[in-house]
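Trainee: Please build the complex by placing chains X and C on the supplied structure of chain H, with the hints as guidance.
Going down the list, the sequences are from chains H, X and C.
Following the numbering used here, the numbering of the first sequence begins with 61 at its first residue and continues without gaps.
Following the numbering used here, the numbering of the second sequence begins with 61 at its first residue and continues without gaps.
Following the numbering used here, the numbering of the third sequence begins with 61 at its first residue and continues without gaps.
No lab work stands behind these hints: they were computed from the structure.
Only a predicted model underlies this, so the values are computations on that prediction, with no experimental measurement involved.
One or more of the hints may lead you astray.
It does not matter which identical chain is used: a pair holds within one copy or between any two.
As the list claims (entries may be wrong) - Here are the simulated DSS-like cross-link-like pairs (lysine-lysine), alpha carbons at most 30 Å apart as the crow flies:
(1) Lys474 with Lys111
(2) Lys426 with Lys295
(3) Lys426 with Lys210
(4) Lys486 with Lys292
(5) Lys112 with Lys426
(6) Lys321 with Lys334
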Amino acid sequence: MTDNIGLKIHNLGKKIWPFNRSLTGEGVLKTFNELKKINSTLKIHKVASGKKVFDWIIPDEWNVKEAYIIDPSGKKICDFKKNNLHLVGYSIPVEAEFALKDLNEYLYSIPEKPNAVPYVTSYYKKSWGFCLADNQRKKLKSGKYKVVIKSTLKKGFLHYGEILIKGRTNKEVFLSTYICHPSLANNEISGPCVTIFLSKWLKELKNKKYSYRIVFVPETIGSIAYLNKNIKKMKKNIFAGFAITCVGDDRCYSYLPSRNKKSLSDKIAKHVLKNIDKNFKQYNWEDRGSDERQYCAPGVDLPVATIMRSRPGSYPEYHTSLDNLVDVVTPKGLAGGFNVLQKIIEVANQNFYPLTKIICEPFLAKRNLYPTVKDKSGSAIDNLSRLIIDTLTWCDGSHDLIDIAEEIRIPVWKLYPIIKILREQKLIKSEKFF
Amino acid sequence: MTDNIGLKIHNLGKKIWPFNRSLTGEGVLKTFNELKKINSTLKIHKVASGKKVFDWIIPDEWNVKEAYIIDPSGKKICDFKKNNLHLVGYSIPVEAEFALKDLNEYLYSIPEKPNAVPYVTSYYKKSWGFCLADNQRKKLKSGKYKVVIKSTLKKGFLHYGEILIKGRTNKEVFLSTYICHPSLANNEISGPCVTIFLSKWLKELKNKKYSYRIVFVPETIGSIAYLNKNIKKMKKNIFAGFAITCVGDDRCYSYLPSRNKKSLSDKIAKHVLKNIDKNFKQYNWEDRGSDERQYCAPGVDLPVATIMRSRPGSYPEYHTSLDNLVDVVTPKGLAGGFNVLQKIIEVANQNFYPLTKIICEPFLAKRNLYPTVKDKSGSAIDNLSRLIIDTLTWCDGSHDLIDIAEEIRIPVWKLYPIIKILREQKLIKSEKFF
Amino acid sequence: MTDNIGLKIHNLGKKIWPFNRSLTGEGVLKTFNELKKINSTLKIHKVASGKKVFDWIIPDEWNVKEAYIIDPSGKKICDFKKNNLHLVGYSIPVEAEFALKDLNEYLYSIPEKPNAVPYVTSYYKKSWGFCLADNQRKKLKSGKYKVVIKSTLKKGFLHYGEILIKGRTNKEVFLSTYICHPSLANNEISGPCVTIFLSKWLKELKNKKYSYRIVFVPETIGSIAYLNKNIKKMKKNIFAGFAITCVGDDRCYSYLPSRNKKSLSDKIAKHVLKNIDKNFKQYNWEDRGSDERQYCAPGVDLPVATIMRSRPGSYPEYHTSLDNLVDVVTPKGLAGGFNVLQKIIEVANQNFYPLTKIICEPFLAKRNLYPTVKDKSGSAIDNLSRLIIDTLTWCDGSHDLIDIAEEIRIPVWKLYPIIKILREQKLIKSEKFF
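If we strip away everything but chain H, and leave its shape as in the complex, we get (with noise of 0.2 Å):
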């Protein structure tokens, strides 16, 4: 199951990779289509460029029909038809003839990455430029280059879609993720795939204690824009909350903390990435690079920690046209992050702080739970015996479920199945949930 997971979302990212996602434009809408198609519930919603949200104002849409240069020999090169990282994103339209002299001042590559084409773009200061592999670069002859960007840069919109999935309370689990990047693979093809096939997997869960609120943003202005609109209500209903970015890669987990470090988000998410892997990464707030910054910022205060294998800017194809779905991204990567959130989900849904109902150690023999010959070395004691005196000891109304496996030293998840057997054996009740 979860190799077919990870088929079907490496799938879906090769179906968005060619679009030309930026804050706004029709690469957004393009890949919002494709979402649909897993979860038709999926509703986009627009904001008017000009709009101010909080200290910021909404940009002007920006779409591209072509964009390349002719090189003094009559090639076209950095044609954005063939790969879009070779435009500056939010490059205003250009048909002009340069020396190569002056041409270089727009042209941006890396000398130490000599074959890859970096990711550059000038969101807020009208410009242009293209990107290309230093090699490449290297090999340009002067002479005249004509330089053609038919781009549009005009008043429209900003789009985000949303995703609200109604549980048997009001209180919500947020999940967010961005579709501003281009043709990127880990950061960030990886995110909203992941998350769409997620709030797939939730419509279909039975039985939903919370509900879900799922967001796809463009980075930063989308968030911000989001967060004007919704602040209110987000404070009042969201008790735990992940922000979703590089979850395609197959090399580590890792996970940066809320501002306020001790949220639950921050407990689940560090017991759930521990037990699956105990060398999972933990950054610090000074690492923080994504939407976090708004979700988390003074006055916003949401409690949402990011969930990543390899964090943004931390592996090097990062950035560049080699993080890509072949060498960087892979299926078994995708079900990877798949699953790890999925698990964090799961703790967040079956989290509570359980109160015995007796006083004093449970009689389990009467039930049938209990060996009853004890022998010498006191171990004739079996493990579920075990497991269901350790977790009934720490039911104390105090512990949720996540500080009783800490106590216990296990996952959360084999707890599940004891909770089960004492809500059956009606040793223990409910309490406050968080």
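Mentor: Leaving out everything else, chains X and C in the frame of chain H:
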């Protein structure tokens, strides 16, 4: 005096050694008769078989007249009269012949400890069996074996002992030990023998600030029965308590915290033990195994820490005939157990939160407590003055004697004479006690 | 400027070097006269001999006209006029002849430091004595020695100095140093000399948020007398305070915490010291030895941390004639002491709990505070932008400047220009100050 007390306790141990202690029965009463000879204020209480105590039922009373096996050659083996460990605790009456193959299902031995007779019980499922050394078992020849168990299991009583020593206030220090183990020395002849001598010392102690409640119960069912009757007043009055087990061997000192880890009992136990033996072993709640399981259960939550030398289950002779009064439990080991408990009780009795009566440091010179010529090293200030000043600087009403001793890195008992001086000099007043 | 200030302080030290400072007497007044030349707002207060101050009595005033010994050859030795350390502090008047054997009981020297004249006092028991180098002592020949001490001990006054520098509020930073040591350089000519220059700098500082209370007292009895008179308003107004001692040598920086360890003064001291010298020594309350003993006594509990270079008692020349202005105390050492205290006071003055005025991150680009083209490394974000964003993320009203600096791992003084920008840009408002 210490050696002396060790010998006295050891002699008592030898007297009660042969009695067939169990959850119930004559062996328990015989044991109480011997303990009463040390402290006649020991009161015996009884609870009827069949009574519900929290989640449990008081079991039938078990008594044994005789029990043995006649081997094919007519020789009597596994004779209960020679060693009560031979008979599985709570064995039902049997009189029948078995082929060796069939008998084997009722025999218990430990291949890895070929000379040890194991200790086995079957309290809550009607069953029977014999225990023997594996060496002996291997020599058994095929043929007919006659099994004789003349035991009775019928409505009767569970007995427990209780001593209440009144002090100036109703606040109580609680001590608990258990009396349900047959001929086993450290676990558990040592506990009741050390504890009855502690009660004798406490009875004779003058001017007791607190009262002392001391119980001798069969393990688990006994402490549950006791709690069932007394929990309300226990929760009201007990401010510190200690479970006493395995206090007779000479190997180490150890301590198992209360479930909440931070009670006054834990604070006292850790301070005393580290100042008596810096290598004492500190266990965790997950290592629990005796009546602390009930006293610290959720909803009971008494401040009970467990004081031991070698923890039950941690030493090789545990729960076998090798746990004897020669090789494992010694007068010296018992004296050590007695001494550490005495120190712990003294700390509980002495402890309070002193508050200075003066502002700034005192003028010790006018009280003849300070050297009058101060030389170049500043070290003319002698140890006594230094200790007075160091103590007084922490007499702020928020540090108790243990806190102060920890701050100045000495055992709390070295503070007692200083506190005496501070009181005589009217430099401190007593604040709250706990 | 720093070297300059070191030289100025050192010159002042040379001027006050020869005065016979003690708990009382003319040497103290002469010292104050020199300090007044640096800061004329220094006020001298007096407390009469015999007055009760808490547990103590103000001693008689001690003055010395001359003191010496005539050896058997008629040579004058141990001449108080050459070195005031020769005479035991508070020696009573004596004029008598002694055999060497009898004289020896009144002589003090240090065999392990044969060239050092020790510093000895007998404040509270009427006594007398002479101090000399052990080398000199060994050469004394038997014969008659004539002792002359022309001292007076009579009702008079204990004097202390006080400077109050008013700021915009009544909240005060408190500085205390002591002026009772005779010709000893680090302990303690350095303290009053550095402190008087700090007071001069503070007086000239513009726009002071707080007031500054600076006292020059004889150790112990002086601080007790000062507290006896002022404790109420001190407890009301002082929010941070520092005891200043041994701030003239060039060996290390060190800090002794207030008794409660967690006052704002401790927080400031630790932050400044570790950012000036990561190898600074942190002492514990058990190492205390000066007026912090009174300021932090139970019931007084002022937030006073002690700032030192080499702690009293920790260096080999301590309390001997070797603690001089040549080998131990240097202009560079004094400048270092001055500098660290200046930084500490600045931190106390600048500190507050900033609170962001905006929700989510600010749009730095519109304020020309953010690079506009973002390249592949994401590192186009320059240091200033990063520092602004990093600072603002902690402006939640619950982190003061020191907390923020600790979170982003820089010295707090690197935040001052950032805070200036944030204020100019109206991105923060000031919250509570402590």
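Trainee: The structure should be examined with respect to each hint, and the outcome stated for every one.
Mentor: Going down the list of hints, with the structure as the test:
no., hint, result
1, Lys474 with Lys111, "neither (49 Å within a copy, 36 Å between copies)"
2, Lys426 with Lys295, "between (48 Å within a copy, 28 Å between copies)"
3, Lys426 with Lys210, "between (80 Å within a copy, 27 Å between copies)"
4, Lys486 with Lys292, "between (39 Å within a copy, 24 Å between copies)"
5, Lys112 with Lys426, "between (67 Å within a copy, 13 Å between copies)"
6, Lys321 with Lys334, "both (16 Å within a copy, 25 Å between copies)"
The structure fails to meet hint 1 from the earlier list, while all remaining hints are met.
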